[in-house]
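*Asks:* Residues per chain, in single letters:
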Amino acid sequence: MVLRAEHVYLGYGNKSVVEDFNLNVGKGEIVSIIGPNGSGKTTILKSLARYLKPQQGKVYLEGQDIFQLNTRYVARRIAVLPQVKSAAGDLKVKDLIEYGRYPHLKFGRRMNEEDQRIVDWALERTGLSGLRNRPLVTLSGGERQRAWIAMALAQQPEIMLLDEPTAFLDISYQLEVLELVKELNETLGLTIVMVLHDLNHAARYSHRIVAVKDGEVRSAGEPQKVLTGDLLKTIFRIEADMLEDKTNACPHIIPQRVIG
Amino acid sequence: MQRSGNGGNGQNESKRRLTILFVLLAACVLSFIISVGKGSLDISMGQALKAIVLETDTLNHQVIWNVRLPRTLTAGMVGICLSLSGAILQGVLRNPLAAPNIIGVSAGAGFMAYLVLILFPDWYYLVPGGAFLGALLATLAIYLLAWRQGAHPMRLVLAGVAISSLLGAGINALMIFYPDRVAGITSFMVGGLAGRTWPHFNLLWPYATLGIITAFLFPQRLNILMLGDEIATGLGLHVERTRLLFIAIASLLAASAVSVAGLLGFVGLIVPHTARLLIGSDYRYLFPATAVLGAATVVSCDTVARLLFDPVEIPVGIIMAVLGGPFFLYLLREKGVH
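These protein sequence lines map, in sequence, to chains F and H.
Per our numbering: the first sequence = residues 1 to 260.
Per our numbering: the second sequence = residues 1 to 338.
These are computed hints drawn from the structure, not numbers from a lab.
Some hints could be false.
[What the hints assert, rightly or not] If you anchor each label on the Cβ, the simulated ranges turn out as follows:
{"id": "1", "chain 1": "H", "residue 1": "Phe327", "chain 2": "F", "residue 2": "Pro36", "range": "45 to 55 angstroms"}
{"id": "2", "chain 1": "H", "residue 1": "Asn12", "chain 2": "F", "residue 2": "Gly141", "range": "22 to 32 angstroms"}
{"id": "3", "chain 1": "H", "residue 1": "Trp147", "chain 2": "F", "residue 2": "Asn70", "range": "18 to 28 angstroms"}
{"id": "4", "chain 1": "F", "residue 1": "Glu179", "chain 2": "H", "residue 2": "Pro206", "range": "53 to 63 angstroms"}
{"id": "5", "chain 1": "F", "residue 1": "Glu6", "chain 2": "H", "residue 2": "Met154", "range": "30 to 40 angstroms"}
{"id": "6", "chain 1": "F", "residue 1": "Asn70", "chain 2": "H", "residue 2": "Leu245", "range": "10 to 20 angstroms"}
{"id": "7", "chain 1": "H", "residue 1": "Tyr124", "chain 2": "F", "residue 2": "Gln55", "range": "48 to 58 angstroms"}
{"id": "8", "chain 1": "H", "residue 1": "Pro121", "chain 2": "F", "residue 2": "Gly38", "range": "54 to 64 angstroms"}
{"id": "9", "chain 1": "H", "residue 1": "Ile318", "chain 2": "F", "residue 2": "Asn70", "range": "46 to 56 angstroms"}
[Stated by the list, open to error] For lysine to aspartate or glutamate, the following DMTMM-like pairs were computed, each having C-alpha atoms within a straight-line distance of at most 20 angstroms:
{"id": "10", "chain 1": "F", "residue 1": "Lys53", "chain 2": "F", "residue 2": "Asp65"}
{"id": "11", "chain 1": "F", "residue 1": "Lys27", "chain 2": "F", "residue 2": "Glu183"}
{"id": "12", "chain 1": "F", "residue 1": "Lys213", "chain 2": "F", "residue 2": "Glu6"}
{"id": "13", "chain 1": "F", "residue 1": "Lys53", "chain 2": "H", "residue 2": "Glu240"}
{"id": "14", "chain 1": "H", "residue 1": "Lys15", "chain 2": "F", "residue 2": "Asp90"}
{"id": "15", "chain 1": "F", "residue 1": "Lys233", "chain 2": "F", "residue 2": "Glu216"}
[Said to hold, decoys possible] If you want the footprint, here are the derived chain H segments under chain F, 3+ residues with CB under 8 angstroms:
{"id": "16", "segment": "220–227"}
{"id": "17", "segment": "236–247"}
{"id": "18", "segment": "274–283"}
Beta carbons are placed, not taken as given, at the ideal position from N, Cα and C, and that holds for glycine.
All chains should be built: construct the whole structure from the sequences, respecting the hints.
*Replies:* Okay, here's the thing in structure tokens:
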């Protein structure tokens with residue numbers, strides 16, 4: 001297990017958000033966390049990213065407590081893309097991606113040729129080579145999200161944590177970003193843990209799904225196993241038709257109505 | 001600064017930035033030379049150099065060495081300290097309106113200066129030390145109040161506003177209770193450099209040096225902090241530690257400047273912002289640009305303050321606001337910043 005959460009309790013101040021969360025992520029897996037608003041998905045991802053310290057329990061990276069490890073070392077293994085990110089108005093795409101090399105540079109740091117080569121590679125992998133000198137704010141939503149992913153790639157991580165990578169994107173960009181994630185997983189063996197809102201995206205792009213509600217895991221496993229009519233009723237309060245997407249060999253959900 | 005199109009290639013970009021840095025540096029040197037040469041006694045550049053380096057017993061030497069040079073250097077240091085402080089805070093708080101007064105420096109220093117001048121007027125010489133201490137204590141209070149599983153920028157700003165208005169109330173109370181003793185303090189509140197000499201310079205340069213070293217060593221950390229706490233953590237930056245370090249340095253810088261020159265608050269807001277409009281927000285360039293522009297601004301404004309109604313001197317704070325405000329507005333319109 002490359003990433004493991006054991007009996008993790010999370011909260012802000014006295015407010016408890018997640019209780020007794022357990023997760024095992026294997027190398028090369030794509031794991032999606034789904035759940036309704038306020039269920040604790042993002043909070044869980046923050047603790048896996050060592051941004052939020054558990055009140056109890058531990059998060060392990062390859063068997064070692066992630067909060068005990070050198071944070072730069074962790075940054076060379078895990079890349080994180082939260083929902084909240086900010087960038088100065090004149091920040092160029094290539095400058096952003098160069099920040100991805102930060103955990104690899106020693107003190108008195110300057111980028112050498114190898115770093116530059118990796119930045120170029122990240123640009124190329126995300127199809128942004130032509131946009132390298134453009135300010136980030138002038139890009140379309142999809143291009144911008146790809147630029148952040150390129151920054152994460154430049155970290156040369158083994159694990160990538162993505163919090164709703166498709167948020168605020170239109171349908172073609174959503175697909176584009178998820179296809180990129182899938183491709184990176186298949187070609188680089190990158191382990192992915194992501195929070196997704198769209199259940200059909202989760203069904204199609206995940207090896208495993210973890211469904212949470214009220215800070216508890218209600219179901220976990222392969223998409224076919226987790227995404228059932230019963231689960232949608234209890235977790236999302238919806239009745240849905242369950243179909244099968246034959247092209248992609250995954251369940252497909254058509255929500256019909258909200259249960260009172 | 002927002003630019004459309006593909007903005008040229010990277011080499012042109014860094015060439016452009018280096019050119020701007022060079023121009024700013026030239027402006028700084030020029031303002032320095034004019035400041036040393038001009039005054040009640042006009043001294044040409046050649047004479048001035050000769051008076052500094054070669055002569056020891058002429059009038060020129062006396063005027064330059066004992067009066068103008070230390071004052072000009074002090075003005076430059078004040079400019080560097082305040083504007084670097086502002087540049088750091090604008091990044092750490094991710095707020096373009098951040099300035100040293102946000103972390104309580106002005107209110108803390110002002111309150112202590114009032115306290116000393118009004119309650120213990122015989123100990124007036126404690127004002128610089130008191131102001132320095134007051135500024136640092138106010139920052140500390142704000143930081144502690146903002147702390148809740150970390151010092152979030154927005155909570156820092158809000159705590160800063162709260163503490164500043166509390167100290168402002170203290171200042172007003174002192175003024176109401178002792179209306180007869182207010183006269184002496186106006187110059188501290190406005191900020192000025194009249195009569196500043198070597199001891200003031202010696203008080204300042206260690207902090208200015210600290211600021212410059214910080215700016216030289218850690219620009220990339222501030223760049224990364226600007227991306228947001230979560231991204232910065234993900235990139236392997238100790239966010240809280242870094243933020244505390246930067247706030248402490250910003251506070252030291254501003255406190256040292258304020259204790260020498262009074263509340264020249266304006267510099268810390270407008271100089272870094274102007275530098276940002278000129279050179280962009282990459283701190284590797286922004287720090288040097290801010291430091292040089294800060295020195296140039298305060299030195300030249302102080303020269304104007306001395307010369308305009310010679311022999312009567314205007315506090316440099318007033319000159320700075322009168323010249324800086326409109327210039328800044330012009331830049332904002334020209335560069336079309338959102």
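*Asks:* It remains to establish, for every hint, whether it holds in the given structure.
*Replies:* Hint-by-hint comparison with the structure:
Checked against the given bound of 45 to 55 angstroms, the beta carbons of Phe327 of chain H and Pro36 of chain F, roughly 53 angstroms apart, stay inside it. Take Asn12 of chain H and Gly141 of chain F: their Cβ atoms lie about 28 angstroms apart, and the range 22 to 32 angstroms holds. As the Cβ distance of Trp147 of chain H to Asn70 of chain F is approximately 24 angstroms, the hint placing it in 18 to 28 angstroms holds. Here the CB-CB span from Glu179 of chain F to Pro206 of chain H is close to 57 angstroms, well matched to the stated 53 to 63 angstroms.
With their beta carbons about 33 angstroms apart, Glu6 of chain F and Met154 of chain H fall inside the hinted range of 30 to 40 angstroms. The beta-carbon spacing between Asn70 of chain F and Leu245 of chain H, approximately 18 angstroms, falls within the hinted interval of 10 to 20 angstroms. The hinted range of 48 to 58 angstroms is satisfied by Tyr124 of chain H and Gln55 of chain F, whose Cβ atoms lie roughly 53 angstroms apart. Distance hint check for Pro121 of chain H and Gly38 of chain F: the Cβ-Cβ separation is about 60 angstroms, which falls inside the suggested range of 54 to 64 angstroms.
Range check, Ile318 of chain H to Asn70 of chain F: Cβ separation about 52 angstroms, and the 46 to 56 angstroms hint holds. With a C-alpha separation of about 11 angstroms, the suggested pair Lys53 of chain F and Asp65 of chain F falls inside the 20 angstroms cut-off, and the hint holds. Pair hint Lys27 of chain F plus Glu183 of chain F holds up; C-alpha atoms about 15 angstroms apart against a cutoff of 20 angstroms. Restraint check for Lys213 of chain F and Glu6 of chain F: satisfied, since their Cα atoms lie roughly 18 angstroms apart, inside the 20 angstroms limit.
Between the alpha carbons of Lys53 of chain F and Glu240 of chain H the distance comes to roughly 13 angstroms, so the proposed pair stays at or under 20 angstroms and holds. Taken as a hint, the Lys15 of chain H and Asp90 of chain F pair is honoured in the structure, with Cα atoms around 16 angstroms apart against an allowance of 20 angstroms. About 16 angstroms separates the Cα atoms of Lys233 of chain F and Glu216 of chain F, which keeps this hinted pair within 20 angstroms; it holds. Residue count for the segment 220–227 of chain H with a Cβ under 8 angstroms from a Cβ of chain F: 5. That meets the three needed, and the coverage hint holds.
For the segment 236–247 of chain H, the stated coverage by chain F is satisfied: 3 residues place a CB nearer than 8 angstroms to a CB of that chain, which reaches the threshold of 3. Coverage of the segment 274–283 of chain H by chain F holds [criterion: at least 3 residues with CB-CB distance below 8 angstroms; count 3].
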